[in-house]
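**Q** The listed protein sequences derive, respectively, from chains G and D. Every position in the first sequence, counted from 1, becomes a number in my numbering once 528 is added. Every position in the second sequence, counted from 1, becomes a number in my numbering once 3 is added.
Take these hints with a grain of salt, some might be off.
Unchecked claim - Here are the simulated lysine-lysine pairs, DSSO-like style, with alpha carbons at most 30 Å apart: (1) D/Lys160 - G/Lys612; (2) G/Lys564 - D/Lys160; (3) D/Lys254 - G/Lys735.
To be verified - Calculated from the model, a selection of chain D residues having no Cβ within reach of chain G, i.e. all distances over 10 Å: (4) Pro14; (5) Glu59; (6) Arg69; (7) Asp83; (8) Arg84; (9) Glu112; (10) Ser145; (11) Asp153; (12) Ser155; (13) Pro196; (14) Ser226; (15) Lys237; (16) Ala242; (17) Pro249; (18) Glu263.
Simulated from the structure, these hints should not be mistaken for laboratory data. No experiment lies behind these values; they were computed from the predicted model shown. Even glycine gets a Cβ: it sits at the ideal position worked out from N, Cα and C.
The residues making up each chain are set out below.
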Amino acid sequence: MAEDIFFVAENRSGVMADVSFEIAGLAREIGEKSGKSYAGLLLGGGEVPALAEQLVVRGVSEVIGIQHEALAKYSFDGYCQALKQVIAERKPYLVLFASSSVGIDAAPRLAAMFHTGLASNCMNYTVEGGELFFERPGFNGKLRLRVKFAGQPPYFATIESGAFKQLPAGGAKGKVSLVSANLNPSEFRARLLEIVTPSKGGVDISKAPVVVAGGRGVGNKENFHLIFDLAKALGGEVGASRPVVDSGWVEYERQVGQSGKTVTPKLYVACGISGAIQHLVGMRGAQTIVAINKDPEAPIFNVAHYGIVGDLFEVIPPLIEEIKKMKG
Amino acid sequence: MKIAVCVKEVPDMESHFSIAPDRKWIDESGLQFVMNDFDEFAVEEAIRLKEKHGGEVIVVTLGPERVKQTLRKALAMGADRGIHLNDAAFLGGDAYATALALAKSLEGEKPEIIFTGVQTEDDASSQVGVIMAELLGYSHASVVTKVEVDPSRKMVKVHREIEGGDHQVLESSLPVVLTIQTGINEPRYASLPGIMQAKKKPIKNVSVADLGLSPSAVGYAGSLVQTVELLVPKVEHHAQMLSGAPQEVAKQLVIKLKEEVKVL
Ligand SMILES: Cc1cc2nc3c(=O)[nH]c(=O)nc-3n(C[C@H](O)[C@H](O)[C@H](O)COP(=O)(O)OP(=O)(O)OC[C@H]3O[C@@H](n4cnc5c(N)ncnc54)[C@H](O)[C@@H]3O)c2cc1C
């Protein structure tokens with residue numbers, strides 16, 4: 529029945545990621561607004577029953593665990609084939625994934641298999657007259673695209689982490705049904721060999737009370753001393769956006785965001801950083817955010833508490849001076 | 004080895020964007036257009052593979068006439084020839100409609116590797132490469148940060164970025180679509196001789212009819228996700244904006260940091 533809303537729980541090497549509860553909450557909410565039921569899908573190997581239990585004790589009403597040794601490690605073939613089988617059988621209306629390394633890799637392929645649409649990186653939704661609309665970021669976060677699906681279900685969406693509240697705890701315990709999948713791993717085209725952590729050690733910015741972060745707007749490696757000087761004056765650490773690390777101006781350990789560190793300092797100063805969603809997810813939890821950017825429309829100002837529209841090269845030097853004066 | 008790279012021309016993201024009267028896209032007048040940042044890394048990676056293993060790099064794009072400048076840029080960096088999906092019917096498509104057109108244009112070419120960027124900076128759907136892989140029956144890997152090809156085994160070993168900065172190391176058979184993440188390499192600047200040579204490199208214009216597709220399968224008509232309207236994001240907090248001369252702003256901020264934020 530095209531009545532179910534499925535969410536695909538994020539099984540990260542045997543650990544249930546928090547975002548699973550966010551997409552569970554969203555599945556339930558959309559279900560309530562559109563008169564549909566919801567259920568979780570969980571893929572993996574031997575760990576599936578225990579992980580499914582974590583979902584149902586938190587109030588997810590139904591979890592379909594797809595257990596197969598070929599799903600113990602992620603592969604697009606394994607995930608897409610297993611999900612295709614369940615979806616073809618249950619014919620859901622909507623399937624939600626997290627905007628994650630699995631969502632970005634498997635969801636577009638799966639949607640294409642059904643020749644149906646996928647709305648990516650959604651941050652908001654509305655149901656109007658029974659029709660579902662999602663909002664997703666575009667133009668480096670400067671604009672949102674409000675989208676709807678054309679054609680028949682099953683529809684697909686990937687959901688930005690942190691965009692929706694977790695499923696409230698305390699509902700009645702749900703039920704788990706375990707199913708198998710018909711998979712032939714010897715035909716998988718891509719195979720996961722190992723997971724590596726590129727570099728560990730060195731600085732740890734995740735505990736610093738103050739983080740001063742520089743972005744592409746700092747211009748080059750030489751200019752970055754300004755960011756270090758400001759961090760020093762404030763007694764904090766230096767962070768950076770991804771392009772800064774990509775260009776080798778500072779080391780990877782300083783990267784803040786989706787593919788870097790998550791920081792929650794008392795103060796975060798973003799200098800020459802536009803505020804793309806992948807950066808925001810790493811620093812939105814800071815108590816106070818100051819943004820210095822020459823573009824008044826930069827989305828960083830939408831999360832900042834104090835904003836300065838201006839050239840960082842003109843603003844930072846007097847700022848360092850004033851801080852030193854204040855400290856005496 | 005035959006390698007294809009799909010690139011897109013996008014507006015400079017530091018521009019002021021105004022929403023077009025139909026509210027479905029931006030008003031493009033007066034904007035500067037550049038190669039999508041992710042795609043520069045994809046073009047560079049393709050050229051490096053060609054330099055190492057020999058072969059040919061085909062660069063493909065879809066867009067209005069102006070996007071020829073972006074094809075020329077890729078050719079100047081070292082790609083060998085271009086394909087321009089140049090037909091008004093292709094425009095306004097979602098990821099699926101775009102992937103369908105791009106995949107069709109490469110069907111006869113049978114490249115062993117197709118590169119795309121992870122996502123475009125404007126539409127940001129991060130789907131086109133992966134959908135192409137499904138339509139062509141290719142393997143794929145997304146968010147790729149390292150590529151090593153073993154031509155004799157017809158295999159490729161790649162790293163892909165996952166949560167927390169970890170990398171999956173995986174091996175895939177060819178043919179494969181790889182969506183390239185920024186930072187994988189250092190994209191080269193086109194040299195002057197490169198720019199001169201690019202002017203002579205062939206660019207093939209392709210229409211919807213040339214691909215044997217119906218106009219209703221591509222562009223907005225062929226889209227499975229339709230953009231209803233563009234919106235300006237709602238603000239989470241109304242930032243308190245500090246204004247004045249730099250010295251003045253610095254003073255104001257320091258007072259806030261001391262009295263309200265209490266970090267000084
Ligand atoms: C899968 C994936 C993972 C990602 N992970 C991360 C991540 O972990 N962290 C991350 O940061 N990004 C990440 N990104 C990239 C992200 O999408 C953005 O591209 C990136 O955050 C932009 O960095 P930026 O703000 O420094 O650069 P830009 O977006 O180029 O912004 C530069 C800003 O500087 C301003 N500026 C320029 N000159 C000056 C000046 N003189 N004074 C003041 N302001 C100035 C400009 O107005 C502009 O707003 C990821 C992307 C993908 C697809």
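**Q** Now look at each hint and say whether the structure bears it out.
**A** Hint check:
1. Restraint check for D/Lys160 and G/Lys612: the C-alpha separation of about 26 Å stays at or below 30 Å, so the hint holds.
2. For the given pair, G/Lys564 sits about 43 Å from D/Lys160 by alpha-carbon distance, which is inconsistent with the 30 Å threshold.
3. Our distance criterion of 30 Å between C-alpha atoms is met by D/Lys254 and G/Lys735, whose separation comes to about 28 Å.
4. A Cβ of chain G approaches the Cβ of D/Pro14 within 10 Å, the least distance being about 8 Å, so the stated non-interface status is violated.
5. Once the 10 Å rule is applied to beta carbons, D/Glu59 is consistent with being away from chain G; the minimum gap is 23 Å.
6. Here D/Arg69 stays apart from chain G, with its beta-carbon at least about 18 Å from theirs, past the 10 Å limit.
7. Every C-beta of chain G lies more than 10 Å from that of D/Asp83, the closest at about 27 Å, which supports listing it as non-interface.
8. Listed as outside the interface, D/Arg84 is consistent with that label: its C-beta sits roughly 28 Å from the nearest C-beta of chain G, beyond the 10 Å cut-off.
9. With a least CB separation of 20 Å from chain G, D/Glu112 remains clear of the 10 Å interface cut-off, as annotated.
10. The beta carbon of D/Ser145 sits about 5 Å from the closest Cβ of chain G, which is not more than 10 Å, so the claim that it is off the interface is violated.
11. No beta-carbon of chain G is positioned within 10 Å of the beta-carbon of D/Asp153; the least distance is around 13 Å.
12. The non-interface label for D/Ser155 is consistent with chain G: the shortest C-beta to C-beta separation is roughly 18 Å, beyond 10 Å.
13. Remark: the non-interface label on D/Pro196 is consistent with the geometry, its nearest Cβ contact in chain G lying 26 Å away (cut-off 10 Å).
14. Not every Cβ of chain G is farther than 10 Å from the Cβ of D/Ser226; the closest lies at roughly 6 Å, contradicting the non-interface assignment.
15. Chain G draws D/Lys237 into its interface by the beta-carbon criterion, the shortest separation being 8 Å against a cut-off of 10 Å.
16. D/Ala242, annotated as away from the interface, has a beta carbon of chain G within 10 Å; the closest lies near 4 Å.
17. The Cβ of D/Pro249 sits about 4 Å from the closest Cβ of chain G, inside the 10 Å cut-off, so the non-interface label is violated.
18. Distance to chain G contradicts D/Glu263 as a non-interface residue, since its nearest Cβ pair spans about 8 Å, not more than 10 Å.
Going down the numbered hints, you'll see the structure goes against 2, 4, 10, 14, 15, 16, 17, 18, while the others check out.
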